[in-house]
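2 protein chains.
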Amino acid sequence: MIDLLINLLNIPSPTFQEEKITDFIEDWMFCHVEGVLVKTVGNSRIFSLPMIDNLPHIGLVGHTDVVPKHFEVYQRKDLLFGAGASDMKGALAPFMMLMESCSKWSDRHLNFSFVLYCAEEGTPLEENGLYHLILGEEEFLKTLDLAIVGEPTNGCIQVGCVGSLHAEVIIRGVACHSARPWDGENALYKALPFIRSIAEIKPLKKTVFGVDFFDVINVTESKSENGRTSIPGQWACNINYRYAPGPSMQEAEIEFNNLLVSTGFEKLEFTVLDHVPSAQIIETELLNKFVCFLGRQVEAKQAWTDVAQLNGIDIPAFNFGPGLTQQAHKANEYISLRDVVDYYKILHELIKNY
Amino acid sequence: MIDLLINLLNIPSPTFQEEKITDFIEDWMFCHVEGVLVKTVGNSRIFSLPMIDNLPHIGLVGHTDVVPKHFEVYQRKDLLFGAGASDMKGALAPFMMLMESCSKWSDRHLNFSFVLYCAEEGTPLEENGLYHLILGEEEFLKTLDLAIVGEPTNGCIQVGCVGSLHAEVIIRGVACHSARPWDGENALYKALPFIRSIAEIKPLKKTVFGVDFFDVINVTESKSENGRTSIPGQWACNINYRYAPGPSMQEAEIEFNNLLVSTGFEKLEFTVLDHVPSAQIIETELLNKFVCFLGRQVEAKQAWTDVAQLNGIDIPAFNFGPGLTQQAHKANEYISLRDVVDYYKILHELIKNY
Numbered sequence: 001m002i003d004l005l006i007n008l009l010n011i012p013s014p015t016f017q018e019e020k021i022t023d024f025i026e027d028w029m030f031c032h033v034e035g036v037l038v039k040t041v042g043n044s045r046i047f048s049l050p051m052i053d054n055l056p057h058i059g060l061v062g063h064t065d066v067v068p069k070h071f072e073v074y075q076r077k078d079l080l081f082g083a084g085a086s087d088m089k090g091a092l093a094p095f096m097m098l099m100e101s102c103s104k105w106s107d108r109h110l111n112f113s114f115v116l117y118c119a120e121e122g123t124p125l126e127e128n129g130l131y132h133l134i135l136g137e138e139e140f141l142k143t144l145d146l147a148i149v150g151e152p153t154n155g156c157i158q159v160g161c162v163g164s165l166h167a168e169v170i171i172r173g174v175a176c177h178s179a180r181p182w183d184g185e186n187a188l189y190k191a192l193p194f195i196r197s198i199a200e201i202k203p204l205k206k207t208v209f210g211v212d213f214f215d216v217i218n219v220t221e222s223k224s225e226n227g228r229t230s231i232p233g234q235w236a237c238n239i240n241y242r243y244a245p246g247p248s249m250q251e252a253e254i255e256f257n258n259l260l261v262s263t264g265f266e267k268l269e270f271t272v273l274d275h276v277p278s279a280q281i282i283e284t285e286l287l288n289k290f291v292c293f294l295g296r297q298v299e300a301k302q303a304w305t306d307v308a309q310l311n312g313i314d315i316p317a318f319n320f321g322p323g324l325t326q327q328a329h330k331a332n333e334y335i336s337l338r339d340v341v342d343y344y345k346i347l348h349e350l351i352k353n354y
Numbered sequence: 001m002i003d004l005l006i007n008l009l010n011i012p013s014p015t016f017q018e019e020k021i022t023d024f025i026e027d028w029m030f031c032h033v034e035g036v037l038v039k040t041v042g043n044s045r046i047f048s049l050p051m052i053d054n055l056p057h058i059g060l061v062g063h064t065d066v067v068p069k070h071f072e073v074y075q076r077k078d079l080l081f082g083a084g085a086s087d088m089k090g091a092l093a094p095f096m097m098l099m100e101s102c103s104k105w106s107d108r109h110l111n112f113s114f115v116l117y118c119a120e121e122g123t124p125l126e127e128n129g130l131y132h133l134i135l136g137e138e139e140f141l142k143t144l145d146l147a148i149v150g151e152p153t154n155g156c157i158q159v160g161c162v163g164s165l166h167a168e169v170i171i172r173g174v175a176c177h178s179a180r181p182w183d184g185e186n187a188l189y190k191a192l193p194f195i196r197s198i199a200e201i202k203p204l205k206k207t208v209f210g211v212d213f214f215d216v217i218n219v220t221e222s223k224s225e226n227g228r229t230s231i232p233g234q235w236a237c238n239i240n241y242r243y244a245p246g247p248s249m250q251e252a253e254i255e256f257n258n259l260l261v262s263t264g265f266e267k268l269e270f271t272v273l274d275h276v277p278s279a280q281i282i283e284t285e286l287l288n289k290f291v292c293f294l295g296r297q298v299e300a301k302q303a304w305t306d307v308a309q310l311n312g313i314d315i316p317a318f319n320f321g322p323g324l325t326q327q328a329h330k331a332n333e334y335i336s337l338r339d340v341v342d343y344y345k346i347l348h349e350l351i352k353n354y
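Protein sequences, first through last, are from chains A and B. The opening position of the first sequence corresponds to residue 1 in UniProt numbering, with each subsequent residue numbered one higher. The opening position of the second sequence corresponds to residue 1 in UniProt numbering, with each subsequent residue numbered one higher.
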């Protein structure tokens with residue numbers, strides 16, 4: 001399996017340049033997985049074992065793209081270094097091996113699909129490979145009873161995910177020459193009470209599925225820039241609002257609006273730029289069984305992940321991967337080989353004994 | 001004279017592309033100004049009438065470059081539209097005509113040089129044409145007893161100019177994912193008390209030469225920008241400090257430092273990026289006589305101008321031009337033809353009767 005992982009890591013696959021790795025995986029699946037069926041949407045694939053009636057259908061879900069610049073794979077003791085090692089080729093290799101193993105069993109109690117999609121790191125959502133895969137194969141994907149998404153989770157189970165809304169806020173002053181500030185109004189200064197009010201909104205804890213999520217609102221990017229010798233006539237910022245599973249997108253936008261109103265800034269000018277929903281946690285007997293069997297720590301996913309998209313078509317799903325969250329998108333990304341092997345083993349055991 | 005102004009305006013002369021207009025003016029001077037002497041430094045020129053011993057030496061000072069995009073000259077009643085009409089070709093034409101007139105007088109009581117320089121709009125100072133002209137011809141320029149700089153002043157006399165210091169201030173927090181703000185520290189939020197303190201520093205009036213200047217300090221450009229989904233780990237801004245004539249550059253930097261200390265922000269990280277001095281007002285009998293004869297309103301130059309460079313080599317100088325300050329750098333720049341004619345007339349009368 002480690003050789004397979006090294007092969008995957010040695011194929012560069014930055015977002016939107018994933019044809020080569022997809023071809024490699026497809027060839028490998030045809031060679032190693034008996035009777036595999038494939039569905040194609042662009043550079044995304046669904047590889048399925050022949051379906052057996054009335055068995056639960058499990059999806060092993062992963063993406064092919066990586067963020068760091070490509071570099072040649074190398075190993076230092078237990079650590080394997082490569083672009084995408086933790087996020088998330090370290091999960092793809094075990095998924096492929098599991099598909100191979102299962103295909104050889106004479107007797108199994110689960111159906112399996114390996115859902116492989118491109119451009120996970122692409123934003124907006126309209127460029128995301130899973131988005132297009134759902135558009136193209138929604139009916140088939142909806143037959144999944146549970147999806148395990150192999151994003152890096154340090155071997156924990158991460159459930160749900162917070163929704164994320166980005167809005168641009170613009171506060172206008174009056175530009176003028178910086179030698180004569182009385183001719184204008186400094187937009188940054190005018191924005192201070194607003195920034196202060198947003199800064200004072202504390203994270204709001206919400207417990208769902210026994211784990212704690214937090215609603216948070218923050219000013220992230222900001223700027224006032226019409227020249228060094230001008231009193232800025234405009235201050236603009238991006239506000240990012242993250243919210244726990246529960247509210248619909250519409251409800252979240254109302255709450256976001258209420259938070260802005262609570263700043264007391266009159267006639268605030270803002271535009272919601274984009275918004276992805278939270279992932280509800282769809283509790284099913286099957287999901288609970290899997291979580292229980294794995295016996296790993298269950299955490300809230302205090303971030304946005306594609307679990308929300310699966311959730312959007314009613315597929316129970318959780319994040320569970322061998323990668324380290326801290327390594328994701330790092331320049332010299334690595335993964336622990338022991339974690340990869342453990343990950344394979346526990347999933348193999350779970351599936352075998354189901 | 002209006003024809004000459006139209007000719008000047010019809011030659012495009014954006015900063016650093018001033019060869020053509022300089023050639024035109026040089027040719028014109030050789031044709032129209034008897035006995036003219038010329039000194040050349042790059043695209044800058046000093047045109048002088050033959051020197052007569054023991055007469056005061058007056059400099060008529062102007063620049064060739066314009067800021068707005070070039071467009072064909074047109075006239076609407078009293079207004080002449082053209083790139084650089086107010087800033088400051090509207091003064092160059094009268095200067096050229098004055099040189100021509102004076103050269104024809106059998107009897108005059110003043111020496112004259114028309115100091116024409118390029119790249120006034122260039123920053124930093126090292127790209128400014130007057131800077132290079134002073135480097136090349138400092139000895140000759142120092143023989144000037146008074147310089148009239150034809151920058152747009154709405155026909156008023158503007159004396160002195162404020163010094164200008166730009167500094168970058170960086171306030172560091174700790175970057176982290178915007179879904180988990182507790183992992184970091186928002187640099188913009190951390191900067192709020194500092195911004196508030198700077199905003200609360202009131203303009204400080206200083207009366208020099210009977211006119212009011214103001215020391216002012218402002219945050220102009222600012223930004224926190226390491227992605228929409230990150231808590232910013234750094235907030236950076238430009239601070240512009242303008243100060244009345246009086247303090248030396250070193251004294252001004254000490255005062256600037258004191259102002260930053262007064263914000264109470266500990267261990268503030270800042271770098272002075274560039275600094276141009278204020279213009280002292282060098283009062284001489286000649287300058288007072290000219291100001292008195294012109295009888296125009298005297299104002300403080302609450303901005304920076306090249307008068308400061310002349311001042312730096314001990315030349316008494318003031319800004320006095322027919323252009324409108326509000327028109328400077330405007331896309332559809334214009335000047336009032338009546339103002340141009342009045343400007344020529346009053347200078348002609350002053351010089352004739354001296």
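Read the hints as simulated data drawn from the structure, not as lab findings. Fair warning: this is a prediction, and the values are worked out from it, not measured in the lab. Yeah, the Cβ is synthetic: ideal placement off N, Cα and C, and Gly gets one too. Please note that a few of the clues may not be correct.
To be verified - Restraint ranges, calculated between C-beta atoms of paired labels, are given here:
hint : chain 1 : residue 1 : chain 2 : residue 2 : range
1    : B       : I313      : A       : D183      : 52 to 58 Å
2    : A       : D183      : B       : Y354      : 48 to 54 Å
3    : B       : F293      : A       : D183      : 51 to 57 Å
Claimed, not checked - No farther apart than 20 Å at their CA atoms in a straight line, the calculated lysine to aspartate or glutamate pairs in the DMTMM-like style are these:
hint : chain 1 : residue 1 : chain 2 : residue 2
4    : A       : K330      : B       : E255
5    : A       : K142      : A       : E34
6    : B       : K330      : A       : D183
7    : B       : K202      : A       : D183
8    : A       : K352      : A       : E72
9    : B       : K206      : A       : E34
10   : B       : K77       : B       : E299
11   : B       : K205      : A       : E19
12   : B       : K205      : B       : E168
13   : A       : K330      : B       : D183
14   : B       : K190      : B       : D145
15   : B       : K190      : A       : E100
16   : A       : K223      : B       : D145
17   : A       : K267      : A       : D339
18   : B       : K223      : A       : E168
19   : A       : K223      : B       : E225
20   : A       : K352      : A       : E26
21   : B       : K205      : B       : D183
22   : B       : K223      : A       : E100
23   : A       : K223      : B       : E251
24   : B       : K345      : B       : E72
25   : B       : K206      : B       : E299
26   : B       : K202      : A       : E185
27   : B       : K352      : B       : D145
28   : B       : K223      : A       : D183
29   : A       : K202      : B       : E200
30   : B       : K206      : B       : D145
31   : A       : K206      : B       : E299
32   : B       : K205      : B       : D145
33   : B       : K330      : A       : E285
34   : B       : K330      : B       : D145
35   : A       : K202      : B       : E251
36   : A       : K205      : B       : D183
37   : A       : K190      : B       : D145
Said to hold, decoys possible - On the chain B side, residues computed to face chain A include the following (Cβ under 8 Å):
hint : residue
38   : V162
39   : L192
40   : T263
To see whether the hints hold, each was checked on the structure:
1. I313/B / D183/A: 52 to 58 Å: violated (32 Å)
2. D183/A / Y354/B: 48 to 54 Å: Between D183/A and Y354/B, where Cβ atoms are some 37 Å apart, the hint is violated.
3. F293/B / D183/A: 51 to 57 Å: violated (31 Å)
4. K330/A / E255/B: violated (44 Å)
5. K142/A / E34/A: violated (24 Å)
6. K330/B / D183/A: holds (17 Å)
7. K202/B / D183/A: holds (14 Å)
8. K352/A / E72/A: This hinted pair is violated, its Cα atoms lying about 35 Å apart.
9. K206/B / E34/A: Violated, at about 89 Å.
10. K77/B / E299/B: violated (29 Å)
11. K205/B / E19/A: With Cα atoms ~68 Å apart, K205/B and E19/A exceed 20 Å; violated.
12. K205/B / E168/B: Not OK: K205/B and E168/B at ~25 Å, beyond 20 Å, violated.
13. K330/A / D183/B: Holds, at about 17 Å.
14. K190/B / D145/B: Violated, because 53 Å separates the two Cα atoms, which is more than 20 Å.
15. K190/B / E100/A: violated (54 Å)
16. K223/A / D145/B: Violated, at roughly 47 Å.
17. K267/A / D339/A: violated (53 Å)
18. K223/B / E168/A: The hint holds at about 14 Å.
19. K223/A / E225/B: holds (8 Å)
20. K352/A / E26/A: violated (24 Å)
21. K205/B / D183/B: violated (46 Å)
22. K223/B / E100/A: violated (52 Å)
23. K223/A / E251/B: Violated - the C-alpha atoms of E251/B and K223/A are around 31 Å apart, more than 20 Å.
24. K345/B / E72/B: Roughly 27 Å separates the two Cα atoms, so the pair is violated.
25. K206/B / E299/B: Judged against 20 Å, a Cα distance of about 13 Å means the pair holds.
26. K202/B / E185/A: holds (14 Å)
27. K352/B / D145/B: holds (17 Å)
28. K223/B / D183/A: violated (23 Å)
29. K202/A / E200/B: violated (28 Å)
30. K206/B / D145/B: With Cα atoms ~27 Å apart, K206/B and D145/B exceed 20 Å; violated.
31. K206/A / E299/B: Distance of about 63 Å is beyond 20 Å: violated.
32. K205/B / D145/B: violated (30 Å)
33. K330/B / E285/A: violated (71 Å)
34. K330/B / D145/B: violated (33 Å)
35. K202/A / E251/B: Since the Cα atoms of K202/A and E251/B sit roughly 45 Å apart, the hinted pair is violated (cutoff 20 Å).
36. K205/A / D183/B: holds (16 Å)
37. K190/A / D145/B: The given pair, whose Cα atoms are some 47 Å apart, is violated under the 20 Å limit.
38. V162: holds (6 Å)
39. L192: holds (6 Å)
40. T263: violated (14 Å)
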